[in-house]
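A.B. asks: Protein sequence lines correspond, in order, to chains A and B. 240 is the number that the working numbering gives to position 240 of the first sequence; each next residue is one higher, with no gaps. To get the working numbering, take the position in the second sequence, counting from 1, and add 1000.
Treat the hints as calculated values from the structure; they're not laboratory data. Idealized CB from N, CA, C, for every residue including glycine. Check the hints yourself; a few may be wrong.
[As the list claims (entries may be wrong)] Partial pick of chain A residues on the chain B-facing surface, computed with a CB cut under 7 Å:
| hint | residue |
| --- | --- |
| 1 | Ala-64 |
| 2 | Gly-68 |
| 3 | Ala-100 |
| 4 | Pro-104 |
| 5 | Thr-180 |
Okay, here's what each chain looks like letter by letter:
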Amino acid sequence: MTAPALQKRLGLATRDAYGQALAELGRRNPKIVVLDADLSSSTRTAMFAKAFPSRFINVGISEANLVGMAGGLAASGLIPFISSFACFLTCKGYDQLRMAVAYPHLPVKVVASHGGISVGEDGVSQQAIEDVALMTSLPGFVVMVPADEHATRALVNAAVDYPGPVYIRTGRPKAPIVHTAETRFEIGKGVVLREGRDVTLAANGLLVWEALAAADALAGDGIQAAVVDVHTIKPLDQALVEAQAKATGAFVVAEEHQVWGGLGSAVAQALARTTPAPVEFVALQDTYAESGTPDALMERYGLTARHLVNAARRVIARK
Amino acid sequence: MARPTPQEIPALRETARRLRKLDIQMLATAGSGHPGGSLSAADLVTALYFRALNHDPADPQWPGRDRFVLSKGHAVPIVYAALAVAGYFPESQLATLRQLGSPLQGHPDRRRCPGIEACTGSLGQGLSIGVGMALAARWQGAAFRTYVLLSDGETNEGQTWEAAAFAGFHHLDHLTAILDYNKFQLDGAVADVLSMEPMLEKWRAFGWEVRELDGHDMTQIVEALAWATTITTHPTMLIAHTVKGKGVSFMESNNYFHGVAPTAEEAAWALKELDGHGPPPAEFLATVRRGAK
């Protein structure tokens, strides 16, 4: 089986897709209100602000207050979307996310941009690599990392219908297209992009494209790698992980996140429950990154296709 | 708000006395909790639930209700007492405070307990939540007011001032904060730990209309709450000077009772005192522990 040659086609940055989807949602759902902490031109909530100025508030540079206010708005029947950079919103607003959102299980939709190290030149202070670990540990929170503009649009829409708190991480750079406008997305259901029998490459965010490129390279060596976009870390698609474990018997999990507490941990936990299999982890290996171009950083910190290929070979040898 | 009738102030005082007794009984039964800060808030909470708040105990989720956020969540027993007396749940339920399965959690839980509007207990968060509610009212064109009860200690928290700045800047006139200024925080006197004086000037500088009052003088409390509803240009702050442990002489300004429940004997003497039998005898008082000044 030979897959058609991959063509890298850059789509919108996921933050841009969010901005567009949110402005569109604003037309359809009058309960949606949006709050930002002085980063609306970067998170792209500015698009909503322009379309619906009376349902948008810039709270200033005060993330704790932003999250607390969102709790009050949601408790009063509105559906607040709140945005800032992922590092600021999750770290500065964490106690508020815990007490004012997660504990009362309110429908606050946290959409945080500038996830991962592909933020680039601004360096460590702006690069969220812990957000998934933080957010998955809050009971009842859905946590998602969409890979491209199609996934982002669909998952932002799905978040509105979910009757509880949702976290979505978006990214700064343009994201390669890995889905189509017709791809069906559901919270908690992964998307199989490529079937395989030797190893499963499970990824989210920008690493989904890298996984597809890695599978292509592996195919040249006769290795059939499956590729799965696990856009929802919580709730994890346990059934899909089990099915892939039975089909391939080995996993590489790839994410733009600290290796502790991200998608890799979630998949390993799912495997350990029912279908133990060897796993290799493509992630930041307990380190912060640094300044640099996004491409240079992804390569330097082991988050490109070539590293997935090596990890796949290692994990197959452990089967 | 209509002026109080001649009978109303004494009736509110009597209700406050009843809430204090329930508070002591609950804490003694639970064996843990925070007497000092719940007793200091008793008169304020009474005036809110039995005078100021537009609410319906038979319909806790009524969208038009005024919102009350207890930002100083550790004082929640006095709110549970008010909710029970107002009819949100039977008074008998108060005996389940802090027990497994009870809706009366150690700190407020809006999902478990009818009438509770916010999950608090991590200090500094309540004003932001109240600001969100007040903003929701504005955005929804609703007339309800939002009240937030703060402790003095929690004004140490930076988030309180983020929320204060936002409310002042956006002229959230349907928002009233009340400061239970009992002059103590857990480790000792506010004046020694981290004084936030000048308190009145700070709130004014953040864009609030501010009034100071005696937080145990029911006439002053009722008048101040009525005044707040007349301010249509700014959020309002009522700085209520109170006494920690108010109503039980051996708990008053005795910070030992910040977070320690009364023993059965202490509770018995406290209830006697609240029933008008005067302070306990010297031999009992000699056994009472004292907190840091």
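A.B. asks: Please go over all the hints and tell whether each is borne out by the structure.
C.D. replies: Hint by hint, here is what the structure shows:
{"no.": "1", "hint": "Ala-64", "result": "holds (4 Å)"}
{"no.": "2", "hint": "Gly-68", "result": "holds (3 Å)"}
{"no.": "3", "hint": "Ala-100", "result": "holds (6 Å)"}
{"no.": "4", "hint": "Pro-104", "result": "holds (5 Å)"}
{"no.": "5", "hint": "Thr-180", "result": "violated (37 Å)"}
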